[in-house]
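Undergrad: Quick note: the sequence shown uses the numbering used here, first residue 6, plus one each step.
In short, the hints are calculated from the structure, not lab data.
Values in this document were obtained by computation on a predicted structure and should not be read as measured data.
Built from N, CA and C at the ideal position, the CB exists for glycine as well.
There's no promise every hint is true.
What the hints assert, rightly or not - Below, computed lysine-lysine pairings styled on BS3-like, alpha-carbon distance capped at 27 Å:
(1) K136 / K253
(2) K314 / K373
(3) K157 / K136
(4) K363 / K477
(5) K314 / K410
(6) K157 / K497
(7) K62 / K336
(8) K62 / K290
(9) K289 / K216
(10) K464 / K270
(11) K373 / K336
(12) K378 / K314
(13) K363 / K289
(14) K497 / K477
(15) K248 / K477
(16) K216 / K228
As the list claims (entries may be wrong) - Here are the in silico distance ranges between beta carbons for each label pair:
(17) D434 / G140: 18 to 26 Å
(18) A122 / E481: 28 to 36 Å
(19) A337 / N119: 32 to 40 Å
(20) S420 / N119: 50 to 58 Å
(21) N170 / E493: 27 to 35 Å
(22) D368 / E481: 26 to 34 Å
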Amino acid sequence: MSQFKAALGKSFWVGTLAILLLVVVAGCSGSKNEPDPNKGAGQSANQGTNSSANTEKPAAGGTFVYGRPASVTSLDLHNQITSNNAFAIDKVFESLVAFDSKGEIVDWLAESHNISADGLTYTFVLRDGLKFSNGTEVTAEDAVFSLERHLKVGGPLAIAAKVDNVKAQDNQTLVITLKEPYTPFISELSNFSNGILPNNFGGVAEEAFFKNPVGTGPFVVEKWDPAGDLTFTKNPHYWQEGKPYIDKLVYKLIEDDTQAINQLKAGEVNAIESLALQNAEELKKGPDTTVVTNGSWVTEQLFFNTLDKYFADVHVRRALALALDREGLTKALTFGYAQTANSLLPTTIPYHSNDTIKALNFDINAAKEELAKSAFPDGFTTKLLVASGNSTRAQEAQIIQAAGKEIGIHIEIESVELATFRERFFAYDFSAMLNSGQADSPEANSIIAFQTDPEGFSKSYWTHYTNDEVTKLLYEGQKTPDGKEREEIYSKLLQTLADEVPYIPLYYPDILKGVRSSVDGLVVLPNGSVRFEEARIGK
Numbered sequence: 006m007s008q009f010k011a012a013l014g015k016s017f018w019v020g021t022l023a024i025l026l027l028v029v030v031a032g033c034s035g036s037k038n039e040p041d042p043n044k045g046a047g048q049s050a051n052q053g054t055n056s057s058a059n060t061e062k063p064a065a066g067g068t069f070v071y072g073r074p075a076s077v078t079s080l081d082l083h084n085q086i087t088s089n090n091a092f093a094i095d096k097v098f099e100s101l102v103a104f105d106s107k108g109e110i111v112d113w114l115a116e117s118h119n120i121s122a123d124g125l126t127y128t129f130v131l132r133d134g135l136k137f138s139n140g141t142e143v144t145a146e147d148a149v150f151s152l153e154r155h156l157k158v159g160g161p162l163a164i165a166a167k168v169d170n171v172k173a174q175d176n177q178t179l180v181i182t183l184k185e186p187y188t189p190f191i192s193e194l195s196n197f198s199n200g201i202l203p204n205n206f207g208g209v210a211e212e213a214f215f216k217n218p219v220g221t222g223p224f225v226v227e228k229w230d231p232a233g234d235l236t237f238t239k240n241p242h243y244w245q246e247g248k249p250y251i252d253k254l255v256y257k258l259i260e261d262d263t264q265a266i267n268q269l270k271a272g273e274v275n276a277i278e279s280l281a282l283q284n285a286e287e288l289k290k291g292p293d294t295t296v297v298t299n300g301s302w303v304t305e306q307l308f309f310n311t312l313d314k315y316f317a318d319v320h321v322r323r324a325l326a327l328a329l330d331r332e333g334l335t336k337a338l339t340f341g342y343a344q345t346a347n348s349l350l351p352t353t354i355p356y357h358s359n360d361t362i363k364a365l366n367f368d369i370n371a372a373k374e375e376l377a378k379s380a381f382p383d384g385f386t387t388k389l390l391v392a393s394g395n396s397t398r399a400q401e402a403q404i405i406q407a408a409g410k411e412i413g414i415h416i417e418i419e420s421v422e423l424a425t426f427r428e429r430f431f432a433y434d435f436s437a438m439l440n441s442g443q444a445d446s447p448e449a450n451s452i453i454a455f456q457t458d459p460e461g462f463s464k465s466y467w468t469h470y471t472n473d474e475v476t477k478l479l480y481e482g483q484k485t486p487d488g489k490e491r492e493e494i495y496s497k498l499l500q501t502l503a504d505e506v507p508y509i510p511l512y513y514p515d516i517l518k519g520v521r522s523s524v525d526g527l528v529v530l531p532n533g534s535v536r537f538e539e540a541r542i543g544k
């Protein structure tokens, strides 16, 4: 989502730890784990008004309007990764297992799952009475078709496990057999990209299906403008009885964050997806607005295109990392809603090593010495690509520009609108850029694979960073069971990234959503998405 999961995984462009989360990844499970969207979510799971005297929940029904910075351009779950699409896809399609607001894996469409002792066989039993939004029964054959289609398509969040076969043992039982152990598998099955759709697209053409998709999610697409708004209606056949409470959900396109805040204050929207950190206190103290938060799987980063002649030089990258005061940047721009990053992995993800890694901390003299070792000891001029409309990123760019100037690297800030920004970095048409990397599941591999595999979909997050030892450690980490040995593998890998800095981790931002005080029951997930099943709108 990649925001990216722009996704990006990798999500990208979703921003934003009131609480550090303990992320627990389910290992071998045979129990019936009932979904509990409110479990441990704190304010984000049960958002009420600013008045403690008002404890009555708002009535069900109504239309919830959600302001978003980018439109939904595709609902093909196997070919998408950016958050603008991912966080609409997950309202229509659901997976066998999911993650809750704490990042814990829970059974979802499956009432139970079991992993064999050798880590090769995964068995899922579907819930009784599951139906698609058109009223047809959900069977194990639908799950077989969905996963096999994902295996065939691949896509930006491809199934990385080496799957031997996917079979329906009976109408309700699905069995997946792997050729070799792949520890992240159960976690990755919780991705939106592993949602279940009808066998053979329900008998319609593939292209037509994704324009009017049928899934098991809480909402159904009613009206959709790929360049504007999207309107959902509640799924009358949703398996969680009585939910969603709202009748309609509108994704309203608001490209500028200031305009989004103004519309929230005016009551034109019920909540906004993208909230600049500096505006959080303003909304918290507003008479009709508040903020819901959660710890995130996001790492804000400065990315280098290692195909660029300047940033192909490791000494240049190290010099800029040493010249940048990451702690000062974090304090200045995040207003207490973020933690300075030493590691690629957020502290909400296992094996992050943030407290033990030796990062290149702020040292101007060391930065100048490092640049002197490069092929460009007298400095150079380069460009930093930034998406417009994001005030925090604009300020980050200015701080980075000033840091570069201190050591003779002259950085021109190139601000372009979001769609162009995405096109540019997808095409490697940048020297350096500001973006965020994000896990799509509560697993270290979710970010590490996306940002270190030079042969993967994103070619090391469009940096094309290549290090054979890092690639070797990446694959070892995927096969090694959870425990001390896996921790040591990731610690070594993350230290290499900290030394060679193909990207500079800046900070781990909280997820912040601006919300009208009358809203109750909004559940914010650590990947930046929101569950609206229990949302209610008061007056």
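Undergrad: Each hint: holds or not?
TA: Hint check:
1. This hinted pair checks out: K136 and K253 have alpha carbons roughly 20 Å apart, not beyond 27 Å.
2. Proposed proximity of K314 and K373 is supported: the alpha carbons are some 19 Å apart, at most 27 Å.
3. Taking the CA atoms of K157 and K136, the gap is near 25 Å; set against the 27 Å cutoff, the hint holds.
4. At roughly 21 Å between alpha-carbon atoms, K363 and K477 fall within 27 Å of each other, so this suggested pair holds.
5. Between K314 and K410 the CA atoms are separated by roughly 19 Å; this keeps the pair inside 27 Å, and the hint holds.
6. Between K157 and K497 the alpha-carbon distance is near 33 Å, which puts this suggested pair outside the 27 Å criterion.
7. Only pairs whose Cα atoms come within 27 Å are accepted, and K62 paired with K336 is rejected, the gap being roughly 37 Å.
8. Proposed proximity of K62 and K290 is supported: the alpha carbons are some 22 Å apart, at most 27 Å.
9. At most 27 Å may separate the alpha-carbon atoms for a hinted pair to count; K289 and K216 exceed this at roughly 38 Å.
10. Annotation: proposed proximity of K464 to K270 is violated, straight-line Cα distance about 41 Å (limit 27 Å).
11. The hinted pair formed by K373 and K336 meets the criterion: a straight-line CA distance of about 24 Å does not exceed 27 Å.
12. Taking the CA atoms of K378 and K314, the gap is about 15 Å. The hint holds against a cut of 27 Å.
13. For a cut-off of 27 Å, the pair hint linking K363 to K289 is broken: about 36 Å separates their Cα positions.
14. Distance restraint check for K497 and K477: the Cα-Cα separation of roughly 11 Å lies within the 27 Å cut-off, and the hinted pair is therefore satisfied.
15. Under the criterion of a C-alpha separation no larger than 27 Å, the hint pairing K248 with K477 is inconsistent with the structure, at around 46 Å.
16. A distance of roughly 10 Å separates the Cα atoms of K216 and K228; the hinted pair therefore holds under the 27 Å criterion.
17. Checked against the hint of 18 to 26 Å, the C-beta distance between D434 and G140 comes to roughly 47 Å, which is inconsistent with it.
18. Distance hint check for A122 and E481: the Cβ-Cβ separation is about 21 Å, which falls outside the suggested range of 28 to 36 Å.
19. Hint check: A337 to N119, Cβ distance near 49 Å, so the stated range 32 to 40 Å is violated.
20. Checked against the given bound of 50 to 58 Å, the beta carbons of S420 and N119, roughly 51 Å apart, stay inside it.
21. Between N170 and E493 the beta carbon distance is about 33 Å. The supplied range of 27 to 35 Å therefore holds.
22. With their beta carbons about 32 Å apart, D368 and E481 fall inside the hinted range of 26 to 34 Å.
Going through the hint list in order, the structure does not satisfy hints 6, 7, 9, 10, 13, 15, 17, 18, 19.
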